[in-house]
Amino acid sequence: MVTAHPIHVALRDVTKIFQSKLGSVEALGPIDLELRQGEFFAVVGPSGCGKSTLLDIMAALTPPSSGTVTFEGRPIGNSVPDGVGVVFQENACFPWLNVADNIIFGLRRQPLDQAEIERRLQYALQLMGLNDFSRAFPAQLSGGMRQRVCIARTLVMQPRLILLDEPFGALDQQTRLLMGDELLRIWRATGATVLLITHALDEAAMLADRVAVMSARPGRILEVIETGWPRDRDSRIVSAPEFGAIAGRLWTLLRTQSLQALRPDTA
Amino acid sequence: MRVLLYRLLAVVLPVAMLEILCRSHVIPPLTLPAPSLITLGLLGILEHGTFNAAIVKTLTNVGLAIALAVTVGTIAGAALHRARTLRALLEPLFSTYYAIPIYAFYPLFIVVFGLGDAPQVTIGFMLAVVSMIVSTLAGLDSVPPVLGKTAQVLQLGPVATIRSVTLPYAAPYLFTGVKLAIAYAFIGVIGAEFIMSNTGLGYEIRFAYDNLDNAVMYPLILLILLIAVVVNMSLDHWERVLRARRERA
Chain A
1 MVTAHPIHVA
11 LRDVTKIFQS
21 KLGSVEALGP
31 IDLELRQGEF
41 FAVVGPSGCG
51 KSTLLDIMAA
61 LTPPSSGTVT
71 FEGRPIGNSV
81 PDGVGVVFQE
91 NACFPWLNVA
101 DNIIFGLRRQ
111 PLDQAEIERR
121 LQYALQLMGL
131 NDFSRAFPAQ
141 LSGGMRQRVC
151 IARTLVMQPR
161 LILLDEPFGA
171 LDQQTRLLMG
181 DELLRIWRAT
191 GATVLLITHA
201 LDEAAMLADR
211 VAVMSARPGR
221 ILEVIETGWP
231 RDRDSRIVSA
241 PEFGAIAGRL
251 WTLLRTQSLQ
261 ALRPDTA
Chain B
1 MRVLLYRLLA
11 VVLPVAMLEI
21 LCRSHVIPPL
31 TLPAPSLITL
41 GLLGILEHGT
51 FNAAIVKTLT
61 NVGLAIALAV
71 TVGTIAGAAL
81 HRARTLRALL
91 EPLFSTYYAI
101 PIYAFYPLFI
111 VVFGLGDAPQ
121 VTIGFMLAVV
131 SMIVSTLAGL
141 DSVPPVLGKT
151 AQVLQLGPVA
161 TIRSVTLPYA
171 APYLFTGVKL
181 AIAYAFIGVI
191 GAEFIMSNTG
201 LGYEIRFAYD
211 NLDNAVMYPL
221 ILLILLIAVV
231 VNMSLDHWER
241 VLRARRERA
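Those protein sequences? They're chains A and B, same order as listed. Just so you know, my numbering puts 222 at position 222 of the first sequence, and the rest follows in order with no gaps. Just so you know, my numbering puts 107 at position 107 of the second sequence, and the rest follows in order with no gaps.
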């Protein structure tokens, strides 16, 4: 199975050390990780284990202290490579622009004609259920709707790799489940490789083809679990017995690490 | 609507009271002519164009001071936002800046810039620029880091990020800076014309005062008042439009 999917992103011996006034802090690694072309990959780990730092490194938003990251076979440099889109946990809508202008913000800086921009905008509005809100401003939208705008803004750029940094962290449980369904739909529609950083084990167990479990700081990959879900899954799988088994397995792996993150002196 | 009525009454009632006090000579005409006479005097001055040159001179100098202060202030604010050490050095100066009586330096400006318009524009600029720098810094400080990351993901360079993301986000703060800069520029330029100049509205008001010429002095004071109020109210309107778009729920 593995050989059928080419490697899309590869991390080799990646570490991150932050320098502060109190000295250096080992935040991450060393990490070796491979994302297969077109898979939905989730990363879970205790608070402060470096999940978001891992995403920042993969997006070239922050350089690794050592090691290499390759995207589509080429090492990434100091700027975000073409074909990579990122959705953050925080509200990243531009408050002075309406929904449509937020979505096409990046497209306007691409060598595209107006008809193509309009076509992609309409596709994204349709896909994200934002048709009736294209002229609304972010302040008029709920948290979930704003996050849809940010996802739409990422999608119109037609990324081949979508990095999601706890995109539903600020939403309530029902909205998260529904947004998870939408994410699966988008993933199938675009064929992109998706990396989801999350602290929610159920979210990872429901959405991902594979889930990497990270240790407490400095974050390392403890284990990668294959979920074995079919590609056309949706949130109804939470009632499947396998779902409970996967979520249980993730918690077993994470419990010690979370305790260690909570009380470092007991480590 | 009711608020508008109260606001109107807050202006109309004191003016009406003043009119009655002046007309009944409780306030002598030499101290203050009736507001209606001041208004008629202003209309006459504008109709005859007696002080058109002075009005144009003052407004040009104020405009120059504003343009310089807003441009230099925004660029300096954006640059200081990145130069943390320099900002840390200058911040105490900014916080005490308006405690400095800038007119005390007027003789120095005359020595440096001569007797033309430059000293007046310089004082207007110097009073206005710091409010613009401080507002720009406050605006840029308010930009959430996630918007900077978003700009990076959308492959915007540093200049495009400032122009298309950080400055638009900081626009309400910049607007406050512009409003203050306009007020300070008026104060600076007209104040400088009062002290040492032979042109401009400030000079004409002082000249009329020296000659007990109330028929000129009060209408010109009213003119300055009207210009300041109209400019400020227009800016207030635009600021409300700008904020409403961002904050309506």
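There may be inaccurate statements among the hints.
To be verified - Sample of chain A residues at the chain B side, in silico, Cβ under 8 Å: (1) Ala59; (2) Pro63; (3) Pro75; (4) Gly85; (5) Arg109; (6) Leu112; (7) Asp113; (8) Ala115; (9) Ile117; (10) Tyr123; (11) Phe133.
Unchecked claim - Short, incomplete list of chain B residues facing chain A, as computed with Cβ under 8 Å: (12) Val3; (13) Arg7; (14) Ala138; (15) Asp141; (16) Ser142; (17) Pro144; (18) Val146; (19) Leu147; (20) Lys149; (21) Thr150; (22) Ala171; (23) His237; (24) Val241; (25) Arg246.
In case anyone wonders, no lab produced these hints; they're calculated from the structure. Just so you know, even glycine gets a beta-carbon here, dropped at the ideal spot from N, CA and C.
**Q.** Those earlier numbered hints the structure runs against, lowest number first
**A.** Per hint list: 2, 3, 6, 7, 8, 9, 10, 11, 12, 13, 14, 15, 16, 23 and 24 violated.
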